[in-house]
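Q: As a plain string of letters, each chain reads:
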Amino acid sequence: MQPINEIHSVMTPLDRQNVDTDQIISKEFLKRIERTGFGKYLFYHWRFRPDGSPDNDFVLNDPRYAGSDILVAQDNFGCGSSREHAPWAIQDYGFKAVIAPSFADIFYNNCVKNGLLPIRLPEEAVSELLEKGKREPYQLQISLEDQTVRGADGTVHSFEIDPYWKQMLLNGWDEISLTFQYEPHIEAYEKKTARA
Amino acid sequence: MPKTIIEKIWEQHVVYEEEGKPDLLYIDLHLLHEVTSPQAFEGLRLNGRSVRRPDLCFATMDHNVPTRNRNIITDPISRKQIKTLQENCEEFGVPLAGIDHPDQGIVHVIGPELGLTQPGKTIVCGDSHTSTHGAFGALAFGIGTSEVEHVLSTQTLWQSRPKTMEIRIDGELGFGVAAKDVILAIIAKFGIDVGTGHIVEYTGEAVRKLSMEERMTICNMSIEAGARAGLISPDETTVEYMKGRRHVPQGAAFEEAADRWRALASDPGAVYDTTLTIHADEISPFVTWGTNPSMGSGIAGTVPMLTDFDKEADREAVRKALAYMNLEEGVPLDSIEIQHVFIGSCTNARLADLRAASEIVKGRNVHPAVRAIVVPGSASVKRAAEEEGIDQIFLDAGFEWRETGCSMCLAMNEDAVPAGERCASTSNRNFEGRQGAGSMTHLVSPVMAAAAAVEGRLTDVRNYLKEPVPSA
Ligand code: SF4
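Which chain is which? The protein sequence lines are A and B, in order. All residue numbers for the first sequence refer to the numbering used here, where the first residue is 1 and numbers rise by one. All residue numbers for the second sequence refer to the numbering used here, where the first residue is 1001 and numbers rise by one.
Hints listed in this document are in silico derivations from the structure and should not be mistaken for laboratory results. Backbone N, C-alpha and C define an ideal beta-carbon position, used for all residues, glycine too. Treat the hints with care, as some may be off.
[To be verified] Partial selection, computed: residues in chain B whose CB lies under 8 Å from chain A:
no.	residue
1	T1074
2	I1077
3	E1432
4	G1433
[What the hints assert, rightly or not] With a straight-line Cα cutoff of 20 Å, these simulated SDA-like cross-link-like pairs (lysine to any residue) come out:
no.	chain 1	residue 1	chain 2	residue 2
5	A	K166	B	K1311
6	B	K1021	A	N114
7	B	K1080	A	I33
8	B	K1021	A	P184
9	B	K1021	A	Y164
10	A	K134	B	E1316
11	B	K1008	A	E190
12	B	K1080	A	P184
13	B	K1311	A	S127
14	B	K1311	A	R35
[As the list claims (entries may be wrong)] Quick look at which bits of chain A chain B covers, simulated, 3 or more residues with Cβ under 8 Å:
no.	region
15	72-82
16	107-119
17	175-181
Make the full structure from the sequences, and use the hints.
A: In structure tokens form, the structure reads like this:
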């Protein structure tokens, strides 16, 4: 996993609530057995019309936001299926962080395990960002170390993140290697509960 | 101090705890399927790791499998995914109920059937509807593929202690009201993200009277309310269901286990972070009209008016949903014509569900404009239904009777609803395109689906029932 800390980029305003993982990555693209290559299918049915032509009304097709690292959306982002293909697709497309008032639990976990930074900000702050970002391309500067999101106009919002996840993300640690250090505890537990 | 079942199971599974860290939890049962596991096994291989406890894993193939022409998987990528699971299970020694195995079925249907699912266990699967197993008083939740790899390697997971939520269903369910209606009504009343960050326990008089099948339907859709998991304290109904199942201890060992299970039930006076209540009187046969499971109402209702919503964001969401669903505001729900009926999925494809639906179609015909299919939840459900002659009732009425799998619940195989057409479906998600690009889904109970098949439109099943609804 790549360590992350500072992200400086224009934001992509996805002004929708309850964006579910079926929309993020539709099931017809779940059949790959690799972790990569899902980016081109991100929000496929919103990006493309049934005839395959791009839908220019959809924000990801707006050239003003091309190359953006930060996706901003409304509450309950990532609800629905547990498919990790959703954060894989978001990341593979090029995003490094997602900002929303709330995330579905499994999606949130899946993000941090892949080094995609999920940021919860209060609903008013997100609405404000969406308004600014829709009006014109709007730059954000995220610092995971300081737990802040700084807007181009100087507004600063701070966010909460579990210290454990923060360390993992900042250092790009592999969780499984970490857990192996607890092997004696796992063995002891198995003995105690007669699971060995 | 009185404790909830959630706290009891949690405490019994903590391997390691430390201030400022999530708890390291031991996992008793790890279920796997072909879609969310390949990258996890690949991770093991890349790092030279093995599966720590293959004996605590169980795999099956369900998402991709054809429900017709079992052995002709036309899509080469589906075929590869299925083959990959087979090879991974062989290489790592994981037990597998493959495509032709008599135990094959939807992962959340076979776990309980085989007695792998037991009260008090921690159960995970790379699938959000793992919450189904909570019906037994197990702590069961969906995980992502990185976590699948973590459990395969270590048989543990780092988990932060979630908040607890009680959803109490008071009173007695009315005539014609199924378990599906209960959970749809809960989600409509409290919202699609009410359970975020919580594990939900369903309690109350109405819950105690439900069969295990009905409890599974309710726990299944906990994730549609945003909850990490949903469960129900074990009682005699639970113990009775467990008796004689293949992986359950027998004889004296069973009695011991049963006593342990009973002791798991939440103590009287246990405190939850949040308690919500709904009265059975508020619940009638339900249908969804929108593009998430909270957008629903009793069948006697109408598609809402935009003016019913106070917040602009909500109006916008409803506007988008109605545009997608091709529905006008204020339209009576029972006037909506459907072209497809799907009776299947881990929510509603157990024997009791098929039995109940067959009672409705018995001696009747599927409407000529409707294509209706039944996809049993497992090979064993299918066999049992065929022994009872349920397949014949469906076939006589004009339904298709298929092999088991997830099928039209997510349309990863060839079973899909064409664009612009509507389906009354017993599955759990009505998201845009869930049943096929451009398809429109109305979530309903099995008996409501059966009635819709006959009528050619959404309809109140109570008109088809003379006596109280058979349990479903
Ligand atoms: S039946 Fe549907 S919800 Fe259940 S496991 Fe299969 S795809 Fe998921």
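Q: Confirm or reject each hint.
A: Each hint tested on the structure:
Contact between B:T1074 and chain A, as hinted, is not supported at the beta carbon level, the nearest pair being about 13 Å apart and thus beyond 8 Å. Checking B:I1077 against chain A by beta carbon gives a least distance of about 4 Å; that is within 8 Å, so the hint holds. Contact between B:E1432 and chain A, as hinted, is supported at the beta carbon level, the nearest pair being about 6 Å apart and thus within 8 Å. Because the smallest distance between the Cβ of B:G1433 and any Cβ of chain A comes to about 5 Å, under 8 Å, the interface hint for this residue holds.
Distance restraint check for A:K166 and B:K1311: the Cα-Cα separation of roughly 34 Å exceeds the 20 Å cut-off, and the hinted pair is therefore not satisfied. A hinted pair counts as satisfied when its Cα atoms are at most 20 Å apart, and B:K1021 with A:N114 qualifies at roughly 19 Å. This hinted pair checks out: B:K1080 and A:I33 have alpha carbons roughly 8 Å apart, not beyond 20 Å. For the proposed pair B:K1021 and A:P184, the alpha carbon gap of about 18 Å is at most 20 Å, so the pair holds.
Between B:K1021 and A:Y164 the alpha-carbon distance is near 6 Å, which keeps this suggested pair within the 20 Å criterion. For the given pair, A:K134 sits about 16 Å from B:E1316 by alpha-carbon distance, which is consistent with the 20 Å threshold. In summary, the hint linking B:K1008 to A:E190 is supported, as the alpha carbons are separated by about 18 Å, within the 20 Å threshold. The hinted pair formed by B:K1080 and A:P184 fails the criterion: a straight-line CA distance of about 38 Å is larger than 20 Å.
Under the criterion of a C-alpha separation no larger than 20 Å, the hint pairing B:K1311 with A:S127 is consistent with the structure, at around 13 Å. Of the pairs offered as hints, the one joining B:K1311 and A:R35 is violated, with about 39 Å between alpha carbons and a cut-off of 20 Å exceeded. Only residues whose C-beta sits within less than 8 Å of a C-beta in chain B count toward coverage, and the region 72-82 of chain A has 7 of them, enough to reach three; the restraint holds. Counting residues of the region 107-119 of chain A whose beta carbon lies closer than 8 Å to any beta carbon of chain B gives 4, which reaches the threshold of three, so the coverage claim holds.
Counting residues of the region 175-181 of chain A whose beta carbon lies closer than 8 Å to any beta carbon of chain B gives 4, which meets the minimum of three for the stated coverage.
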